[in-house]
Structures are given as C-alpha cells and as structure tokens.
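Take these sequences, add in the hints, and give me the full structure.
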Amino acid sequence: MTRHGAPGSAPTAGRGRWRDLRRLLLYTAKRLLALFVTVVVGVYLTIVIANMGGQVDDLRRVQIRSEAAEAARADPAFQDLSPAERNELIQRQVALEVERLRLDEPFLVRSVDYLQRALRLDLGRAEQMHSDLGSRAVRDIIVERLPATLLLFGTANLLIFFVSVFVALWLSRRYGSALDRSVVALAPTSAAPAWFYGIFLILLFAFVAPLLPAGGMVAVPPPEGRWAYALSVVRHLLLPVSAMLLSQIFISIYSWRTFFLIHSSEDYVEMARAKGLPSRLIERRYILRPTLAPIVTSFLLMLIGLWSGAIILEQVFNWPGLGSLLFQAIGHRDTPVIIGGVVIFAYLLAATVFLLDILYAVLDPRVRLAGGRQ
Amino acid sequence: MSETLLRVEELALHYRTRQGAVRAVDGISFDVERSEALVVLGESGCGKSTLAKTLMRVLPRNVGHRSGRIVLGDVEVSALPDERFRREVQWSRMALVMQASMNALNPVVRVGEQVAEPLRVLRGWSRRRALARAAEVFELVGVSTDFLARYPFELSGGMRQRVVLAMALIAEPELVILDEPTSALDVLTQASIMNALKRIKRELGTSFILITHDVATSSELADRVALMYAGQFVEVADAARFFAEPAHPYSQMLMASVPRLHQRLRPEPIPGQPPSLFDPPGGCRFAERCPHRFARCDREPPALPFGDRHRVRCWLHADDAQPGDDS
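Chains as they are written, first to last, in full-length UniProt numbering: chain A, 1 to 374; chain H, 1 to 327.
Hint data in this document are derived by calculation from the structure and do not stem from the laboratory.
Just so it is clear, the structure is predicted and the values come from calculations on it, not from any experiment.
Incorrect hints may appear among the rest.
Said to hold, decoys possible - Simulated DEER-style distance windows between Cβ atoms: (1) Gly142/H / Lys30/A: 41 to 49 Å; (2) Ala34/A / Ala216/H: 50 to 58 Å; (3) Phe354/A / Asn195/H: 46 to 54 Å; (4) Val163/A / Ser156/H: 40 to 48 Å; (5) Glu83/H / Leu292/A: 24 to 32 Å.
Said to hold, decoys possible - One-sided and incomplete, this derived list gives chain H residues near chain A with beta-carbon spacing under 7 Å: (6) Ala104; (7) Asn106; (8) Leu148; (9) Leu265.
As the list claims (entries may be wrong) - Listed next, the stretches of chain A that the computed footprint assigns to chain H, with coverage defined by at least 3 CB atoms under 8 Å from CB atoms of chain H: (10) 261-272; (11) 279-287; (12) 353-366.
Where a beta carbon is used, it is the ideal one built from N, C-alpha and C, also for glycine.
Shown next as structure tokens:
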C-alpha cells in the first residue's frame, strides 16, 4: 500500500467490506447449524417419546399377531389346516409383517431411520388414520386439516394481536384513566382458558338463546353457493373466536400497555415532546419504532403458533382442525401423524427464529452495527 | 441592548400525589434579557427541573395547580393554548437541553435526522435543507459533520451532549434552557461544552437559563444568578455581586461551602435538611437552618428589592427590619 503513496482508503474499505461479509456469512452459517441441531434434537425426542422409547413396538407386535391369527381363522381357504400348520402359517405371516415394518431391527436403528426421513420431510403413511378422502399419506391428512385451523386461529389471533397492540398504545398515553383501570382489573379473567369461556358461550348462545350453531365449521349439509357457504362458516366462527378473544384480549392489552408505558417514559420520548412534535409522530417514531423488535418477535411467534391449533378448544367446538387431529392421533397411537405435525412445527419455528435474527439487524442499528464492529 | 426577553411572574406549579400537593415551584418571578445567561442554582429536589419543564410545558400528568405569567418577547406564552404553544413557541423560540442527555436521543434514528427533525416537522423544510442546517449547527457546537449519519450509541457521552445541544440550537431559538447539561460528564468535557456555550452566546446572542447544582462550573457562563430553595428563588442577583457578596444567609452559607483554590479555611457545610415540599413551613423556608433567625422569620418574607435587579427573600434586608425586631 505504501507504493500508492496515499494510505489507500479504497483497498482498506474494500477489505473491511470483505471482512464484514465473511463475518456475516460465518455468523449465518453458525446460526443455521445451531438451528438445525435444535430441530434434529427436537424431532428425535418426539420420535422417541411418540414410540414410548420402543415400547409401542411390543404393542404393535401383539397387534400383528392377533390380526394374523384372526385372518387365518376367518379365511375359508385355511379351514382344513391342522393346528400346527395353521400356527406355522400365522408365524410366517407375522414374520413377514414384522419384516415389512422392520420391527425385527432394534428400535435405536429404526429411530435414526425415522429421523432422517422426517428431516427430509418424508412424512410417510399413517398407521390407522386416513384423510376424509381416504388417503393414508400423513401429508394429505395434515393438509386437509390445515385450512380449518388457519381460519379459526388466524382470525382470532390476528384480531387479538392488532387490537391489543393498538388499544394498548392508546391506553398507555392515558394510563390511570377509568378505562385503563378497568382493563387492568379485567386482566385476571385470562386465567381461564378459551375453551372454558367456550362452554359458557355455547350454553348461552346455542342453547339458552339459540342464535348460533354450537359447533362444527359449516352447516350440515353444506349450503349451496359460495356466499351462503361463507356466511355459514362465519356463523360457526363467531363463538370460538369470541371465546378466544374473551380469554386473551385483556391480559394481552394489559401486558402491551405496560410495555408501552415503560418505553414511553424513556428520556428521548420526553425530549420529543419538548421538541414540539405532534403526538402521532411521537407514538410512531419514538415509541413504536424503538420497540419494533419485540413486537415483531411476538407477532411471528404468534403466527407459527397457529400451526399447533388448540386441542381442547377444537374438541369443545368440534372444529375439524389440527388440534383435534393431534388428539385423535394420540388416541390411536398413530406415531407418524404425531411426528409429522411436530416436524413441520419444528421447521417453522427454526425458520422463524432465523428470520428474526435477520429482522433484528434490519430493525435495530445497535444489532446491525455492533455485530459488525466488535 | 438590555431588552427583556423573558419575564416570569409569580410562577407556581404543584404536583398532585397521594400524600397531597407537592409545591415544587411556588411563586417564582424573574426576568432574562437578550443574550444573557441566568444560572439557577439549587440543591437536588428544590424544584429546578420542574421550573424548566414548566417553562417548556413538558409536564407529567399529575400537575395539580399551575399559575403565573410567562412572557417571551411580546407574547404572553402562558396564555397560549397547547397546540399554538407547540407550533409557535416550542423549540422555535424556546428550546430545552434535558437533564439526562445521555439517553435523550432515539436509539434507532440517525443523529442527523433527529437534529434536523424540528425544522422538518415544525417548519416543513425539505430533508436536504434541514440536514444542511444540521451540519452548520454541528460545526457550531464542535461535532464533526461525519457524525450526522451515525446512530446515538456510536457516540461518546460528550458527543451526545453536544448533539443534544445542536438539536436545541437548530431552530435558532431566542432562549435555551439547559437542565444540568454537564453533570454526567468529566471535567474536561464539561469545560469544553461550557466554552462552546459561551461562544454561542457571544456569536448568536442567544439567552440561556442554566440549571445546575455545580457552583464552580456555572460561574463561567453566568451573567445573573438565581438561587433556589424549596420551590422559591431566595436571591436573584448579578453574577459578580452574587459570587462576591451574597446577601441571603443561604447564599452566604452556600458560597462558604464551595471549596476554592488557595483557601486556608475548610469549606463549611450547611447543617440540616431542606424542608419537605409537601407542606413547606409557614414562614421563611430557610429559617430552620438559618443562623440569623429572628422572630420575624415566622412570617413569609417577600422578594425584597436590594439594589438594581437584585432581590432577596429575607427579612434581614427589609428596610425597617433589625434582628430582634418583634413587629
């Protein structure tokens, strides 16, 4: 560099940029690796637990034996076999089935096999359950239930999130008012879960005053025509959405309001007031903007939380979503369905966390710049 | 040149609390001339910051009582409704450098944008024009214009303080209120900021109200000194006079408590505690701690004139009063 005379700033800047880029790539790679390991551990634990550490195999073997025996007894072709021959036949059938399901291999080996198939998103086939169209593929079963859950929880959670953030921001500017104090007083109502309110809502609005349907997603038989169908779905949505709203809105407003209250007592907010900025601008640039990172985090986590649905609420409202699917799968000990659901959730969670890492850097210069400098 | 810029008459501000009213500012009158620096001295909790906030109208919500007149130039500012005050006076004629300047900048907005913001919002200037003006003010307070595109966390404490000062000067206000601007900084940085303030006063003719508890640092900038005690000004005087021969017993004791170079005597502490502002004592508020206390101190002294632009709240300086007088 001394040959160029001037202490060349361009090469230095270029080298600095290259160094930053390398550091960024290294950081990204590290994060991805860490998240991948998390997903692997999570999925593997699920496989072990859903198979009860291999004990489900014993149950399954007993089941195969009894099924083979039943089949041998029921089949007229085998009526005239001697007991020894029949036993041998059953033995052969069982061995065949055991080999087909690879139950002869140790669970440890198969669990690793499950794991790598699960990680490739090869969800496999359900053992007992099937989709309403009759498909045994776990993917089909899940995809069939997904829209119902997304519709119900998407509507309710988006409503709760946006209503509570904006009401909270509004309240935090008027804390101590009668409205604010009543929200604080109502916050403990969220101690009861949504299904608890659901039961009372069903009692009140479906039986005492039969205005709305008690459960299901659409009237039976489904109404003809797109609009009539949509209207029916909306009518079925009202009660479960209200139940979720009732159980979550107050605590949500309360916690966001406290969050905004803490952040609106920052010195720079008071400075903005002294600067004579209009209060809308203060809310937007001095309260919302510095706190965007936690808000976005909770929004994204809420979004992927939709995936799991809610087991009891869906049962109470007889809603054909993923929550009740999981409930049924656990009842049937249908491990591929359980594992399939968890695998997708694990991937969604990992992708969200990775996205958040990037979003933090975009939203907050302290993350972006300090990370590149030290 | 001795044109009065700010006149404050009988300003009072009380906070509402569960225990009752806190009389943080209780009947303060003073004036500031153009291109003059008034230093408000006082102990912690005597109402200094409340005075600044009352002038700028950035008060918390629990204000119980507010009265008095504030006249800036020829406008009675205290009579303006909030919205007009915000548009016409706040920051464009009167600016504030807050006590906690370290944290006075929005952490996620570039420093230059924040400094230029009042011009863009209050005057509707274009971004380019406002940023050019911000660069000018940065040079005025001694910050490199490279910092315009930086974020607050990239600046040192002294730099941040200068940026906040630049923000206060951006709209060329006639009056800048500085609430303990240097108390969080080291001595060298304090001195260089004080020098910047002196230069700005000289070059731009800006008036300052400097609120502080630091007698030594304030003496550099002061033209006038007001000493505050328990929500009241006990003495207002020219700086030279105040530092040389303070009239109020509290001023005398305060000056005696300041350590000086080449001083033989030990600095004298002032015994006792300032009174609670919940329910200040009936008579003179300093009487409890005053060595010259006499019977008349049970009644509240008015701000008695004591020479040219010099007022003292003490019966010792009443024309007809002598210690031992029982009237």
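Quick one: which hint numbers does this structure break? Sort them smallest to largest. The structure breaks hints 8, 9; every other hint is satisfied.
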